[in-house]
Amino acid sequence: MKKLISTLALLLVVSFSTFAQSDEAYKKVLTEMFELSGTEETYQVAIKQMFGMYKQQYSSVSNDMWDELEAEFNKASMQDLVDLLVPVYKKHLSIDDIKAIIEFYKSDAGKRFATKTPLIMQESMQVGQQWGMKIGQDFAKKMQEKGY
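Numbering follows my numbering, with no gaps: position 52 of the sequence shown is 52.
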């Protein structure tokens, strides 16, 4: 019985150790993908915009303090976000999938895609807003025609 318990305990320790190593490897690869894809840069821009709004709201805080807070927030929160995203990505993509995506982002086409994605997203949001307004107007017109 003691051997069985000892064996089970050893298996649990090895399993948790392997799982932790696996998560660390996945996190490292995911972080690299975020860096190459421009995700991290997009995140940094969003943080700068957020801090800009906070600076207006809390105008009595010194610029030095804002710089310190922003640097600390950027460093901690991006890594925290990656930690939170590991299980999400891991659920849908294997580490080999992420590595293949990294290879794409290292290619010329991948680099162009990463560089152009923020512009594409910005223009797509504008197109989406126009499309949404048209759909909304069409919907309102149909509802009005039906007597609602």
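I should point out that these hints are in silico values taken from the structure, not numbers from a laboratory.
These numbers were taken from a predicted model, which means no experiment stands behind them.
Fair warning: there could be bad hints in the mix.
What the hints assert, rightly or not - Heads up, simulated DMTMM-like pairs for lysine to aspartate or glutamate below, C-alpha to C-alpha not over 25 Å straight-line:
1. K116 <-> E32
2. K99 <-> E24
3. K55 <-> E32
4. K55 <-> D80
5. K28 <-> E40
6. K106 <-> E35
7. K28 <-> E103
8. K28 <-> D64
9. K27 <-> E123
10. K99 <-> E40
11. K48 <-> D64
12. K48 <-> D97
13. K28 <-> E41
14. K55 <-> E41
15. K111 <-> D64
16. K91 <-> E145
17. K27 <-> E70
18. K106 <-> E70
19. K116 <-> D64
20. K106 <-> D83
21. K90 <-> E70
22. K142 <-> E123
23. K106 <-> E72
24. K99 <-> D67
25. K106 <-> D96
26. K28 <-> D96
27. K116 <-> E41
28. K99 <-> E145
29. K90 <-> E103
30. K134 <-> E145
31. K91 <-> E103
32. K75 <-> D64
33. K75 <-> E24
34. K90 <-> D80
35. K90 <-> E145
36. K146 <-> E123
37. K48 <-> D80
38. K27 <-> D64
39. K91 <-> E70
Quick rundown of the hints versus the structure:
no.: 1; hint: K116 <-> E32; in the structure: 18 Å, holds
no.: 2; hint: K99 <-> E24; in the structure: 14 Å, holds
no.: 3; hint: K55 <-> E32; in the structure: 31 Å, violated
no.: 4; hint: K55 <-> D80; in the structure: 23 Å, holds
no.: 5; hint: K28 <-> E40; in the structure: 14 Å, holds
no.: 6; hint: K106 <-> E35; in the structure: 11 Å, holds
no.: 7; hint: K28 <-> E103; in the structure: 15 Å, holds
no.: 8; hint: K28 <-> D64; in the structure: 32 Å, violated
no.: 9; hint: K27 <-> E123; in the structure: 31 Å, violated
no.: 10; hint: K99 <-> E40; in the structure: 17 Å, holds
no.: 11; hint: K48 <-> D64; in the structure: 15 Å, holds
no.: 12; hint: K48 <-> D97; in the structure: 31 Å, violated
no.: 13; hint: K28 <-> E41; in the structure: 17 Å, holds
no.: 14; hint: K55 <-> E41; in the structure: 21 Å, holds
no.: 15; hint: K111 <-> D64; in the structure: 35 Å, violated
no.: 16; hint: K91 <-> E145; in the structure: 47 Å, violated
no.: 17; hint: K27 <-> E70; in the structure: 23 Å, holds
no.: 18; hint: K106 <-> E70; in the structure: 29 Å, violated
no.: 19; hint: K116 <-> D64; in the structure: 33 Å, violated
no.: 20; hint: K106 <-> D83; in the structure: 23 Å, holds
no.: 21; hint: K90 <-> E70; in the structure: 29 Å, violated
no.: 22; hint: K142 <-> E123; in the structure: 29 Å, violated
no.: 23; hint: K106 <-> E72; in the structure: 29 Å, violated
no.: 24; hint: K99 <-> D67; in the structure: 35 Å, violated
no.: 25; hint: K106 <-> D96; in the structure: 15 Å, holds
no.: 26; hint: K28 <-> D96; in the structure: 13 Å, holds
no.: 27; hint: K116 <-> E41; in the structure: 12 Å, holds
no.: 28; hint: K99 <-> E145; in the structure: 54 Å, violated
no.: 29; hint: K90 <-> E103; in the structure: 18 Å, holds
no.: 30; hint: K134 <-> E145; in the structure: 16 Å, holds
no.: 31; hint: K91 <-> E103; in the structure: 21 Å, holds
no.: 32; hint: K75 <-> D64; in the structure: 17 Å, holds
no.: 33; hint: K75 <-> E24; in the structure: 18 Å, holds
no.: 34; hint: K90 <-> D80; in the structure: 16 Å, holds
no.: 35; hint: K90 <-> E145; in the structure: 49 Å, violated
no.: 36; hint: K146 <-> E123; in the structure: 35 Å, violated
no.: 37; hint: K48 <-> D80; in the structure: 17 Å, holds
no.: 38; hint: K27 <-> D64; in the structure: 32 Å, violated
no.: 39; hint: K91 <-> E70; in the structure: 32 Å, violated
Consistency with the previously given hints fails for numbers 3, 8, 9, 12, 15, 16, 18, 19, 21, 22, 23, 24, 28, 35, 36, 38 and 39, ordered from lowest to highest.
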